[in-house]
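**Student:** With the hints as extra help, turn the sequences into a complete structure.
First to last, the sequence lines map onto chains W and S. Going left to right, the first sequence walks through residues 1 to 409 as this note's numbering numbers them. Going left to right, the second sequence walks through residues 1001 to 1233 as this note's numbering numbers them.
One thing to keep in mind: the hints can contain errors.
List time: in silico DSS-like cross-link candidates among lysine-lysine, alpha-carbon distance up to 27 angstroms [claimed, not checked]: (1) W/LYS307 with W/LYS80; (2) S/LYS1075 with W/LYS395; (3) S/LYS1070 with S/LYS1083; (4) W/LYS185 with W/LYS147; (5) S/LYS1136 with W/LYS18; (6) W/LYS401 with S/LYS1098; (7) S/LYS1029 with S/LYS1005; (8) W/LYS311 with S/LYS1070; (9) S/LYS1029 with W/LYS18; (10) W/LYS307 with S/LYS1098; (11) S/LYS1161 with W/LYS401; (12) S/LYS1214 with S/LYS1070; (13) S/LYS1006 with S/LYS1070.
These aren't lab readings, by the way, just hints derived from the structure by calculation. In this text the structure is predicted, and so the values were computed from the model without any measurement.
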Amino acid sequence: MFDIGLWREIFQSMSKNKLRSLLSGFTVSFAILLFTLLFGIANGLENTFVKLFKDDATNAMFIFTGRTTMPHKGFKSGRKIQFTNNENEFLQEEFGDKIEYITSKIYKNFSVSYKNKKHNYQVIGAETDYQPIEKALVYEGRFITAKDLKEKSKVAIIGRLVAEDLFEPEVALGKYINVQGISYKVVGVYRDDGGDDVERLIYIPLSTAQQVYGSTDNIDQINITHSPNMDVDAAKILANGIEAKLKKRFNIAPLDQRAIRIYNIASQSGEINQMTMGLGILIIVIGMGTLIAGVVGIANIMIFVVKERTKELGIRKALGATPRSIVRLIMFESVLVTAIAGYIGLLIGMGSLALVGDSLKEYFITNPSVNTSLIVTATIVLIIAGAIAGYVPAKRASRIKPIIALRDE
Amino acid sequence: MLEIKKLHKSYPIGKDSLHVLKGIDLSVKEGELVAIMGSSGSGKSTLLNIIGMLDEADEGDYILDNVPIKNLNEKKAAVYRNKFLGFIFQSFNLINYKNAVENVSLPLYYQGVNRKERYEKAMFHLGKVGLTDWAKHLPNELSGGQKQRVAIARALAAQPKLLLADEPTGALDTKTSYEIMDFIQELNDEGKTILIVTHEEDIANMCKRIVRLKDGVIMEDSYVEQVRASQYV
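**Tutor:** Here's what the structure looks like:
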């Protein structure tokens, strides 16, 4: 195998027959290129999904209200359902042992200004538990505290991009922003992996928001996370339980789909995990198919190569080449062509993935790439594939009778 | 040197079989230059192929340099061919993508000679056939006579006991043929044992002994007065 003379013979035969080597390599290059691109895109899709759900805790549930669509117990349809602080307490009483974090939320769009800069932002009234549910990472200052809620303090925690928009190059922390005529002290700045939109929010204490902007105890939404030791099925049961209890409390028809809605990330991400897995399997199947096509392609070409080289191999045998040395000559050439061509395909594939990179974001593909272990696997697969593709023709070549090979046409 | 007794060979043709060699007895001593003659179908090429271990006899003994040649598997045949025999073909059979010196060193490669020594030996033999200046040329850049000389250098490179030439001048014009024969005679003068298959009388007469085959048997086996090719060159 490490006979340098043999490799010299192979290199010579390859470089003196460039077109032949090129053609046999092309199939493999193309197959590996497709394989790499498919894998990269699959990875990109998966990255997107992972990122989408990294935004929020994976065990979060968002509970919204809407209008009823069915008459029930004497109430007409089209009735607006409105949560108040009571519902938050009600959920804690009913499901307290199954809930990890819970927060009420109200939100409104306001124009917010600092000095002469002015922009529109969504201002959210939230409670302390909002932070772990939303996975907001406060990197300067602090989030809303129980004390803020109790004292209805006028403090704000602003997103990274809000700080950039309004304060750059100044430091935001400790400054006052003006929200619809009322000033709030910036006590925290956060970032969020969920993307630009969720970094353009302003959080203020729920109690403050309720007092200043409505004078009621209405809330728009309740967000919870279920206890982390619950699986997807248990989370679904909890979600159904909450929905049923709330429907009963508001006298909503059990089949009404719109009055109470629960968005359950656990079951969503479960479905998406299944989808990505399905996609992964599909891509592996297609990828393997392409690889096999490539291997069959090179095996085919090697058979032709052997046919074309019949005379040469006959001469070699007449000069004393053993059948084994003929097998090695053909097989290692196949391995070499496959490995080099495959590697070129892999490099082109990786190059194009790197080039395309983030420009495919709008097609749900984030950072498409292949990892090292795939490259190592692909290399091993290539060498084995080359050996397999080369073996049959090589074996056939070794059985060539020199007398037949040398017969003058 | 070469001892053949009661050699038989037949080829199957459909259901029948064609009996090509019908009991050949032949003995060649060291240093002989033998022409094997016969019309096509006489079995002369089959005989040469069996002597060259490219084919195997059905029956009979074949002893080469005191080694009985029988029950050859492919590998053994390859080793014997490499050790005992040098081939010269009508159509030269050079490897077209290798230059002259690479072609000549190929049998040495299969003998396991190292690269440097291979090159030196190949150049020496190319020098003997007068092609030192053409060492780096590919076969298609050489004339027919030059190609055959490269082939002869290649056959000599492995220092075989026996040179087998199958119609070595068949693809060459008369003048070139005589040049090649002159060369073969010189080799024979140096002591090489050479067997030539030919159907040309003038070529046969340049050998020392003529064996005539007809329908698979030896009709005539006689020593002749050798015509030197050098007088025509």
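**Student:** Take the hints in turn and mark each one as holding or not.
**Tutor:** Verification of the hints:
1. W/LYS307 with W/LYS80: violated, 82 angstroms
2. S/LYS1075 with W/LYS395: holds, 14 angstroms
3. S/LYS1070 with S/LYS1083: holds, 16 angstroms
4. W/LYS185 with W/LYS147: holds, 15 angstroms
5. S/LYS1136 with W/LYS18: holds, 20 angstroms
6. W/LYS401 with S/LYS1098: Given pair W/LYS401, S/LYS1098 holds - Cα atoms ~22 angstroms apart, limit 27 angstroms.
7. S/LYS1029 with S/LYS1005: holds, 15 angstroms
8. W/LYS311 with S/LYS1070: holds, 26 angstroms
9. S/LYS1029 with W/LYS18: Status violated; Cα separation ~48 angstroms.
10. W/LYS307 with S/LYS1098: holds, 19 angstroms
11. S/LYS1161 with W/LYS401: holds, 23 angstroms
12. S/LYS1214 with S/LYS1070: holds, 25 angstroms
13. S/LYS1006 with S/LYS1070: holds, 14 angstroms
Checked against the numbered hints above, the structure breaks hints 1 and 9 and satisfies the rest.
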